[in-house]
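Trainee: If you're matching them up, the sequences are chains A and B in order.
Counting along the first sequence from 1, when you hit position 103 you're at 102 in numbering that gives the first Met the number 0, and nothing is skipped either side.
Counting along the second sequence from 1, when you hit position 35 you're at 34 in numbering that gives the first Met the number 0, and nothing is skipped either side.
In case anyone wonders, no lab produced these hints; they're calculated from the structure.
Remember, predicted model here, so these are calculated numbers, not experimental data.
Among the clues, some could well be false.
Within a straight-line C-alpha distance of at most 20 angstroms, the following computed SDA-like cross-link-like pairs (lysine to any residue) qualify [to be verified]:
#1 B:K28 / A:E78
#2 A:K84 / B:T27
#3 A:K41 / B:T27
#4 A:K41 / B:H10
Chain A is nowhere near these chain B residues, computed Cβ spacing over 10 angstroms in every case [claimed, not checked]:
#5 E15
#6 G16
#7 G17
#8 S26
#9 N88
Positions of the beta carbon are idealized from the N, C-alpha and C atoms, including for glycine.
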Amino acid sequence: MKLREVKELLNADVIAGEEKLDMEVKTAFGADLMSDVLAFAKAGSMLLTGLTNTQVVRIANVLDIAAIIIVRGKKLPAETVELAKELHIPVLSTKFILFETAGRLYAQGIVGCLEKVEK
Amino acid sequence: MCAAENILEKHSFDIEGGNFSNAGTVSTKIKSILKQKNLPDDVVRRSAIVCYEAEINIVSYAKKGVISLTIRPNSVQIEADDEGPGIPNIELAMQQGYSTANQQIREMGFGAGMGLHNIKTYSDIFDISSEVDKGTFLKMTIHTQPAKD
Ligand SMILES: Nc1ncnc2c1ncn2[C@@H]1O[C@H](COP(=O)(O)OP(=O)(O)OP(=O)(O)O)[C@@H](O)[C@H]1O
Ligand SMILES: [Mg+2]
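Input sequences plus hints: build the corresponding full structure.
Mentor: Encoded structure:
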C-alpha cells in the first residue's frame, strides 16, 4: 500500500514528508513504550504511536522506520515536527485510536513487522 | 594483530547527563557518519540502535559521558564511558524488565528495562564494566564483514 492510501484510509493529516507519499509500506509496529519500539520494530515499517516527543523521531531515524503515524489526534510539539522534516521522516496524524488505526490498516493487508515475540 | 593500527576513523562526542532535550543527537550524528561509509544498512542500523540505547542511559542515569565511534576495516565500535552512579549489579541490570527509571524518564516512553539487553542482542561483541559511584563503561563491536577464518 502507498503511504498516500494510508493517509486516506485513516483520514490523516500530513504533518511532514508530503513528498514521500508515494512510498510503499507493508508492515507496522504499534506501541507507546519506546523501549519496546527499540527492541521490536523492524526497518521499513510504519510506527503507530501516541507519543509525540522528539525521541519518537530520533528512534524512527535510528531504526529506519518508514513513517510515523500519530494516533488519537495528539498535537505534535513544534520541535518534533521540525526534527521530522530535518531527518526526512514522514509523519501522519490520525484521530483514530491505536486499535482502530491498526485494525483499519490490517484489514487492507498491512501486517505486523513481527507476529509475536519469542518465548 | 594490533587493532589500534588499522583505525580508519575515530569520533568522540560529549553527553550531558539529565539533558533530555539533546538526548539522541549524538546517535543521529553517528548514524549519518556511518551512512556515508557505504556500510551495509543492517550494520548502520544496529550501530545506531546500540549507540542510542547507551546515549539514553547516560542522559537518564549518569552525570556526563563520552560516546566514541571507531571505524576499522572489518568493524564498527561504539564505546560509552560515563561518570555517574555506576551499576551495582550488572547481571540484574541486564535482565529484561529491570529498571530504576524515574517518572520523567517513563513519561518519555522509556524505562521498561529493555535497553542493555537490546544492546547485547544487536552487538556482535558486548563488554560492560561498572564501578559504583565512579561510572559505567560499555563497548559494542559490530562486524562489517564476516570474520576471516
Ligand atoms: N550508564 C548507566 N549508569 C548507571 N546506571 C545505569 C546505566 N545504564 C543502565 N543503568 C541501570 O541499569 C538499568 C537497566 O538499564 P536498561 O537500559 O536495560 O533499562 P532502562 O534504561 O531502565 O529502560 P529502557 O532502556 O528499556 O528504556 C537502569 O534502570 C539503571 O538502573
Ligand atoms: Mg535504557
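Trainee: Each of the hints needs a verdict: does it hold here or not?
Mentor: Going through the hints against the structure:
Distance restraint check for K28 of chain B and E78 of chain A: the Cα-Cα separation of roughly 17 angstroms lies within the 20 angstroms cut-off, and the hinted pair is therefore satisfied. Taking the CA atoms of K84 of chain A and T27 of chain B, the gap is near 14 angstroms; set against the 20 angstroms cutoff, the hint holds. At roughly 18 angstroms between alpha-carbon atoms, K41 of chain A and T27 of chain B fall within 20 angstroms of each other, so this suggested pair holds. Between K41 of chain A and H10 of chain B, the direct Cα distance comes to roughly 27 angstroms. Violation of the 20 angstroms bound is thereby established for this hinted pair.
The claim that E15 of chain B is not at the interface with chain A holds, since no C-beta of that chain comes within 10 angstroms of its own (minimum 16 angstroms). Residue placement check: G16 of chain B keeps its beta carbon more than 10 angstroms from all beta carbons of chain A (closest about 16 angstroms). Every CB of chain A is more than 10 angstroms from the CB of G17 of chain B (nearest about 15 angstroms), matching its label as outside the interface. The non-interface label for S26 of chain B is inconsistent with chain A: the shortest C-beta to C-beta separation is roughly 6 angstroms, within 10 angstroms.
With a least CB separation of 20 angstroms from chain A, N88 of chain B remains clear of the 10 angstroms interface cut-off, as annotated.
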